[in-house]
Every structure is written in structure tokens, then in C-alpha cells.
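Asks: So you can see what is in the structure, the chains are spelled out below.
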Amino acid sequence: MPKLPNDTRTLLGVQKTILFGNPNVGKSVIFGRLTNQYVAVSNYPGTTVTITRGWMNQASGPVLLLDSPGINNLLPNSEDEVVTRNILLSTHEADIVQVIDAKNLKRGLFLTIQLSELGRSGVVVLNMWDEAQLAGYTVDTARLQQIFGVSFLPAVAIHNSGLSDLRTKREYPSFHYEIQYPGLIEEALKELAPYFQGLGKSPRGLGLMALSGDSTYFQFLHGKLPAAILEKIQAICKKTAVAMNTDLRQIIDNTRMAEAQKITNLVLRQSYPKKEKRIWSSLEEISLHPIGGFLLLGVVLYFLYLFVGIFGAGTMVGWIEESLFENHLHPLLIKTCDFLLPFPHEHEHNEGILTKDSKVTATLLWWQKIFRFLHDFLIGEYGLFTMALTYGLAIIFPVVLTFFLAFGLLEDLGYLSRLSVLLNQIFRLMGLNGKAVLPMILGLGCDTMATVTTRILDTRKERIIVTFLLALAVPCSAQLAVIMFLLEAGGLGWKGIMIWSGIVVAIIFIAGFLASLIIKGEENPLILEIPPFRLPLLRNIFLKTLARVEWYLKEVIPIFIIGTAILFLLKELEFLSVIEKLLHPLVVTWLGLPQESASAFLMGFFRRDYGAAGFIKMAQEGIITKQQILVGLTTITLFVPCVANLLVMVKERGWKMGINMFVIVMIIAFLIGGILHRVLQWFPIAL
Amino acid sequence: MVSHSTINQKITCTVCGFSFSEGAKTSCANCPLHGQNCGFVKCPNCGFDIPVSSKIWEWMMKIKDKLQGDTSHGRKDSTH
Chain A
1 MPKLPNDTRT
11 LLGVQKTILF
21 GNPNVGKSVI
31 FGRLTNQYVA
41 VSNYPGTTVT
51 ITRGWMNQAS
61 GPVLLLDSPG
71 INNLLPNSED
81 EVVTRNILLS
91 THEADIVQVI
101 DAKNLKRGLF
111 LTIQLSELGR
121 SGVVVLNMWD
131 EAQLAGYTVD
141 TARLQQIFGV
151 SFLPAVAIHN
161 SGLSDLRTKR
171 EYPSFHYEIQ
181 YPGLIEEALK
191 ELAPYFQGLG
201 KSPRGLGLMA
211 LSGDSTYFQF
221 LHGKLPAAIL
231 EKIQAICKKT
241 AVAMNTDLRQ
251 IIDNTRMAEA
261 QKITNLVLRQ
271 SYPKKEKRIW
281 SSLEEISLHP
291 IGGFLLLGVV
301 LYFLYLFVGI
311 FGAGTMVGWI
321 EESLFENHLH
331 PLLIKTCDFL
341 LPFPHEHEHN
351 EGILTKDSKV
361 TATLLWWQKI
371 FRFLHDFLIG
381 EYGLFTMALT
391 YGLAIIFPVV
401 LTFFLAFGLL
411 EDLGYLSRLS
421 VLLNQIFRLM
431 GLNGKAVLPM
441 ILGLGCDTMA
451 TVTTRILDTR
461 KERIIVTFLL
471 ALAVPCSAQL
481 AVIMFLLEAG
491 GLGWKGIMIW
501 SGIVVAIIFI
511 AGFLASLIIK
521 GEENPLILEI
531 PPFRLPLLRN
541 IFLKTLARVE
551 WYLKEVIPIF
561 IIGTAILFLL
571 KELEFLSVIE
581 KLLHPLVVTW
591 LGLPQESASA
601 FLMGFFRRDY
611 GAAGFIKMAQ
621 EGIITKQQIL
631 VGLTTITLFV
641 PCVANLLVMV
651 KERGWKMGIN
661 MFVIVMIIAF
671 LIGGILHRVL
681 QWFPIAL
Chain B
1 MVSHSTINQK
11 ITCTVCGFSF
21 SEGAKTSCAN
31 CPLHGQNCGF
41 VKCPNCGFDI
51 PVSSKIWEWM
61 MKIKDKLQGD
71 TSHGRKDSTH
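These protein sequences, in sequence, are chains A and B. Position 472 of the first sequence, counting from 1, maps to 472 under the numbering used here, and the rest follow consecutively. Position 59 of the second sequence, counting from 1, maps to 59 under the numbering used here, and the rest follow consecutively.
Treat the hints as calculated values from the structure; they're not laboratory data. A virtual CB, placed ideally from N, CA and C, is assigned to each residue, including glycine. Treat each hint with caution, since some may be false.
[Claimed, not checked] Calculated from the model, a selection of chain B residues having no Cβ within reach of chain A, i.e. all distances over 12 Å:
(1) 67
(2) 68
(3) 69
[Stated by the list, open to error] Between beta-carbon pairs, the in silico distance windows are:
(4) B:67 x A:664: 49 to 59 Å
(5) B:61 x A:572: 43 to 53 Å
(6) B:62 x A:310: 33 to 43 Å
[Claimed, not checked] With a straight-line Cα cutoff of 27 Å, these simulated DSSO-like cross-link-like pairs (lysine-lysine) come out:
(7) A:554 x B:64
(8) B:55 x A:554
(9) A:369 x A:359
(10) A:617 x A:335
(11) B:62 x A:554
Work out the full structure: start from the sequences and follow the hints.
Replies: Here it is as C-alpha cells:
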């Protein structure tokens, strides 16, 4: 068989078949079943969308099989849909194998109608037939064949069942179903038809794409049709839209969906099997209920607090930081360093235990100065072991570890998708559309990775606003864990946490509301498949937790080390006190915090949780009040999450935009912190 | 060229329920953080970072296999 080139458009005269269908209907499994051992995976030219191609043996010879990205509409909403639409329009002669999830017939028929309007030939595979039967569905395939003029083959792709016809058949009939649109659209289609002659099998389907007003379609037509013809087409579309005084795309979509529903009603029957009483069934219903869902969320958060806040931040940090690090590891490291790097100095003792605090007791010779430098770099106030690794491994790690375990449990339970649906209701209140909600929810895991996820959003405005909101006010997993810690060890109590969360939620709402005023255009619905609740597998939870722990160790600890090294050098060069003096008006006067907080804010520039750990340390040492912890924590929460996030913001949005966002976020953070300090002064709240 | 064993390693996103092939739909090339060397796969539908492998886990499994006298283990684990 010929080797596959990267761009299969160059393979002239080769028979082609396109696998086509909604996301998650089993196209890739069918592709695997039909093609030979090796396949080619490459990006569709000019995009980041990957296309998989392979050879399929048929009686008539080898056929090139192309697995197109899963889509929900040929009038595109996303890059994937643009790519699939372009693949279809660029290969008029290729047959189509449409794969439909037999349980979601209407969604598939919505696409079948569009294939009919494009006059394509092919066959439809009703995949997951076994699951549909288990759910009590019966589909009248003969009636469907009568309606569309093509075969509808029941199949169970994962068991390689029902696919034999695809391997033997070659001559496929055309889809031949036509629906009637409102009169003005029908008139416009007649007017448009002559311009699309020769461009595809059916001018009607191409005309409907034009009438939908999709700009990517006109980009596709550019170069294929003369500019004068394109102008005429656009004029007809505009005239029709003005005459109907409404969004033509919406009318087209609604008409097709209504037709898909009508056909589904004709061919689909469901005999409800006796519903098994599952352990989770009531919980599943409650979790999506508008009120019950939030009550359940409250219960989940309470247990999360017990596990992460009480056990992780209280018990585990007590074991690791106090018992292991401060009582055993630090004294051992201090003695080792003092032995290897001798110079005249004395360490202070706390309840008989050696501490990192030390003072030089004599004038140092040049080599003793080098030893003192290395000694302080390793175990001094800003030491690699006594600060970076202690903060990273003894204070934050136990909290993050318990959070990751709890997160893995919720993930494996199937709760995260329900949480997305639940929070979507809130985000919709402030005007953010469905798709924009996902990166915000994913930001609760890692804001940096979620910033990369903003690529799934359709408009530049949406991407900018969600990136900004992520940087401003969505706390990441590490920070959520630290908040749990402060709730427990810092003694802020529920009142303090309510003030903190109230401010963060208010900021997200205000910023989101302002964003919704700026964002124009249609809503992009959030399409999720909600899996049933299932008993979590211990193996999965451990695997997920370990993967996240590795991410934490690889990404977070190095930032702590670099940040500590920079602080250490600033102190050695006596710049730290200069910076503290420069920050005095902001930190002491404006925020009402002790001078030492300047170091915590400097640490916060590297990572918010690193800065928050500085506040934890100050709380443990008793040099900061609860009100001050609340002000400091709120200010740090509104910082840009971490250096990595800043770099990703710059990479994704460009230097100018990235730096502008950083500056605006920092201004808002200090502004809100200062206002909170004053409010707490005017209305003292006992925390 | 990618073998089917990689293409067909199906992963189901725990947030949106989307199933995809790890080998065919990876977005590592676009990730500014980790490149190819991390234990996460980004869901092409919703963008959730799904943990699929862990070096510590693989190391633990190797030890377990050695203890059991089975050296066949060593493939990348995936969650379903």
C-alpha cells in the first residue's frame, strides 16, 4: 500500500472515505477496526487539530480512511468543526461513514440531515447498539433507511460487531432527505443555487452554509469563487437576513433540530426496563438539583475541610513540620553544616532544640566569610533547607497531598462533571457563557494549565477575559489547600473564611459581569456527558494523586527554591531591607501589616501559596493578628498565581497584554487589601 | 506513524465524559509547561488535565512485579 503523505489532498484518484460524527460516538474505535496496523496522525494544515488517516482494504482496492474530528454541527462553533466542515467540502467524491451513538439518535440525525442537504453518499453506523438496547431503546432502522435512502447499520464497535458491511460494500447511495425552510430562505436558496454549481454535489447545502453567515465559510470560499460572485452571494444573504429581521443561522439550526426530533419520534421507542435501585441514584439526582446540588456541595466542602484542613493542615503538618523538621531534621542539618562549614557563630535554642537563628561571634576571615555565606544559603533565615524545602515539603506538601487525595476521590466518583454543571448555573447568572466556565473550574486545579485551556474559547475577547479572571481571583489547588491550613492553624474561623470567600466571589462576579457587558455574540452551550456515580477505585485515586504530587514536586518546589535563593541574595546584598523600606507605605501604611510581611509579598510574586506560607509562618510565630492574616491572605489571593502563570499569560496573550494584565491584577490586589484593612478598622470583627 | 496500540488507548475525561485516544489527540506540542514529559493528558473537549501516568507509580509497579517474579509489566497506565 502507498505510504501516506502528510497532506492527503495530494492523493489524486484514490478512493476516500470519511468517518464523520459527533464527539465520543466511537469513530476512533471503528477507524482502528477498519484500517491496517499503522496510521498517520498529523495536524490539519494551518490548525492544531489532529487528523488520523489509514488504509482500509476493500474488494475494489485500498481506500483511504480519514477520521474527522467529532462535531455537533456543520455550521461551526469551534476549530474542530471548521476543520471537519472544510474536509467535507474539499472531498466531494468521498463517501461518508457517519457514526451515531444509538442512545443519542437526535444529536446524530441533526448531522445526517446536513449530510443529506450536501447530497453526500454513504452509510450510517448506529454504534453502541448494545447500550441502547440495555437502556430499553429500539430503533426502526428500516424506516430510517426509507427516510434517508441510505443503510443504517446497528453495530457494537468495541466488540467488532456489525462492521462487516463496511469492509465489503463500496457503492454507497446518496442521502436524500430534504426539509422545507421558511419561504424567504427557500427563495434565497433558489437565487444562490447558480453560484454554487460545480462547487459541490448540492448547491442547496452550500447555500444554507452561506445563509448562516459563518465567516469561516466565506474564508473557505475565498479563492474557490471569483470575488464578484462572492459579493453577490453575500448580498443575497444580507438581503435575506434583513428581510427576515432575525438570525438566519438560528432559524436554520432550529428547523433542522425540529426535523431531527420529528424523525426521532417516528423511529425511536423506549420500553423502560425495571429501574435498578442503585446505591447512588438518589445522590445523582440531588447532585444536579438547583438547591439540593448546592446543599450537597456544602456537605462535600465540609468533609473536604475535615480531611484537608483538620487532618492535612493540622495533624500532618504537626507531624512533619514540628516533629520531623524542627525537632529532628533541622538540628541535624545545622550540626552537619556547622561541622562542614566552621566559622565562629552561635545558634539560638528553643526549648532546648537548635534553631536556624544564629549570630556571628567574632570577626570572620575571608574563607570563614565564604563558609558563613554557604551556611546561611543552606540553613539560614532564607536557607534552601530551612525555608524553601521546609515551606514546600513540611508546610504546603501535606496539605496539598490531602487535597489531591480528596480531589482524586471526587474525580473518580464522577462528581467533577456535576460540579461543572452546578457552577455553570452560577456563571450564567453573571453572563459568562457555558464554554467560558470550564477554564474557570479547571483553574481550581491549576490556573496556569487552565490559562492554556482558554484556547477552547471561540473569541479573542472571551480568551482575554477568562485569562484575566483566572489570574485575578480563581484560587488554585495549592492555594485552596493553604486556605484550609489558615482556617485551621491560623485560627481565622468560619467568619474569616466567609469574608475571604465573599470578597473572592464578589470580585469574580463583578469582573464577570463587566466582562459580559463587553462580550457580544451568541452563547456557546456547555456540552458535557454526565457519567453515573461509581464507587471510586483506590488504585485510580492513588495513581492520580501520585501524578499530581509529581507535578507539584517538579513544578512548585523549584519555584520555591529559586524564590528563596533570590530572597537570600537580596538579603546578602542588603537590598531586602531597601525593598522592605520601599514597600513600607504599601505594606505597613496602606495594608496595616507588619514590616516582615514585605518578604511574604515578595515570595507571593513567585507563587501565591509560597507567599501565603510566609503568613502561616508569621502566624505560628505570633507576630501577626488574625485581622492582619485576613488582609494579607486576601491580597495574596488576588495576586497573579505564580511566575509560570505570568509566563503563560505572556505566551498566550502576548507581551503587552500579559504585562498589562499583571499590572492591573496587582493594583486590584493591593487596592482590595487596603480597603479590607480599613473596613476591618471601622467595623472590627472578632475572628 | 503511530501504532494502533497507542491510538486505541482510550481515555475518558472525568469532567466532560469525552472519550479520546491518548496517542491521537495529545496536545503536548501546544503546552508551554511540560512538553512530552508529564503525567497528564489534556482533554480535547473541555481542556481538563487528566492524570494518566506517574513515574512513582510505575516504579512501585516494577518493584511489585519483581517481587512477584513477573517482569512483563512496564506499560504506561491509563485511567478509564
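Asks: Compare the structure with the hints numbered earlier in the document and write down the numbers of the violated ones, lowest to highest.
Replies: Those not satisfied: there are none.
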